[in-house]
Amino acid sequence: MMKRLLLLAAAGTLMVFGCSNDTKLPAKYHDGVLDQPTDVTSLLEGSDFSVTWQMASTANVEGYVVSLTDTSGAQDTRFVDDSTATSYDEAGLQLLSGTFYIIRLWAVDDVGFFGPTSEPDTLVVE
Amino acid sequence: MWRLQRIIVAAGLVLLLMATGSTAQGGGFQLKQDQVSGTQARLLSVLYPGLGQLAVGHRQRGTAMIVGHTAFLVAWLSSNSDFGTHEDQFDLESARYLSLREGGSFEDATEAWRRLSDRKDDIDQAHTTRVTFAALTAILYGYNLVDVFLLGGVEPPQDRRMSLSPRKIGEAPGLALVARWR
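Residue numbers (the working numbering), protein chains in the order written: chain P, 1 to 126; chain E, 1001 to 1182.
Hints listed in this document are in silico derivations from the structure and should not be mistaken for laboratory results.
Where a beta carbon is used, it is the ideal one built from N, C-alpha and C, also for glycine.
One or more hints might be untrue.
[Stated by the list, open to error] Sample of chain E residues facing chain P (criterion: CB under 8 Å; computed from the structure): (1) Asn1080; (2) Thr1110; (3) Arg1114; (4) Asp1124; (5) Val1131; (6) Ala1134.
[Said to hold, decoys possible] Just a sample of chain P residues kept apart from chain E, beta carbon distances all over 12 Å, derived: (7) Asp22; (8) Asp31; (9) Val40; (10) Leu68; (11) Thr71; (12) Ser72; (13) Ser87; (14) Val125.
Input sequences plus hints: build the corresponding full structure.
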């Protein structure tokens, strides 16, 4: 009798603990894989555009994306294929006069993951 | 999952009818006075908690066990189904987060991670709920076994305070409600 009861109790215990929760969060890859560019400063002299920035660490960096967004929201990007670069220059850039642009920058790794976007810098075109 | 629940509830009702021993004949109900042996009652209670107790006449205890066990069982199956839904959503969010590793951005990955963490919280909560109801189901079933095997839960009631008894009322058959008190 007791053996039968123990068997049934064991079956009940299995029923409770048999439904386990095996779900686990995947490895968090996005934090710390790429640093955020800081001190972004842009300059326009005539049609010569330049932007500089700083990186605390260039680990995993393959290059940088420089983004120019005008007041209508249209975005134009440039890729800097140099992990150690801290500046980008472009001569003869045609920008709309009488408006301003938001300049942002982010690092890119070897699989095309975009790191955190820098604080924006404003470029006024007179 | 709902089909399984309906089958379980239907099976429970069939067993309940079998246990109460009531049959409809000629448009009316006729009480059957067949005695259920202790072994049969125990077997019924092993099949479904409360059936054996009900069969020997412990109506309140039997009904309480049947209702309680059915409620816990349905809640357990329902929470289990809920857990499965959350698990599917978690897998979907997990795949979305991992897909952003190549070609995604830090901001999108941060947002995907936040949603994934929320799904994880949901899944943990659903798991706690289903384990709670599974435990309650198992505890009630275990108590039912202890009741029928050790506490004499399938012994016929010794002192019924109220019962129905067949009586002749004039020439016509009838039923009398008999109340006893000490």
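### Task
Against chain E, does Leu68 of chain P hold up as non-interface, every C-beta pair farther apart than 12 Å?
Nearest chain E Cβ is 17 Å from Leu68 of chain P, so the label holds.
### Query
Taking C-beta pairs only, is Ser72 of chain P more than 12 Å away from all of chain E?
22 Å, holds
### Task
Please settle this one: Ser87 of chain P was flagged as non-interface, so is its CB more than 12 Å from every CB on chain E?
Label holds. Min Cβ-Cβ 22 Å, cutoff 12 Å.
### Query
Can the hint on Arg1114 of chain E be confirmed by a CB-to-CB distance to chain P that is less than 8 Å?
At about 11 Å, which exceeds the 8 Å cut-off, the nearest Cβ of chain P leaves the hint on Arg1114 of chain E violated.
#### Entry: Restraint outcome when Asp1124 of chain E is required to lie within 8 Å of chain P by C-beta distance
Interface hint status for Asp1124 of chain E: holds (7 Å vs cutoff 8 Å).
### Message
Under 8 Å is the threshold here; is the Cβ of Ala1134 of chain E close enough to any Cβ of chain P for the hint to stand?
### Response
Holds - the Cβ of Ala1134 of chain E comes within 8 Å of chain P, reaching about 5 Å at its closest.
### Task
Would you settle whether the hint for Thr1110 of chain E is holds or violated, based on the nearest Cβ-Cβ distance to chain P being less than 8 Å?
6 Å, holds
### Task
Go through the hint on Val1131 of chain E and say holds or violated, using the shortest Cβ distance to chain P against 8 Å.
6 Å, holds
### Task
Just double-check Thr71 of chain P for me: nearest Cβ-Cβ distance to chain E has to come out over 12 Å.
About 22 Å separates Thr71 of chain P from the closest Cβ of chain E, which puts it past 12 Å; holds.
### Task
Classify the label on Asp22 of chain P as holds or violated, using whether its beta-carbon is more than 12 Å from each beta-carbon of chain E.
9 Å, violated
### Non-interface claim for Val125 of chain P, where every Cβ of chain E lies beyond 12 Å
27 Å, holds
### Task
Determine whether the non-interface label on Val40 of chain P survives the test: each CB of chain E must be over 12 Å from its CB.
16 Å, holds
The structure does not agree with the numbered hints 3, 7 and 8 stated previously, though it agrees with the rest.
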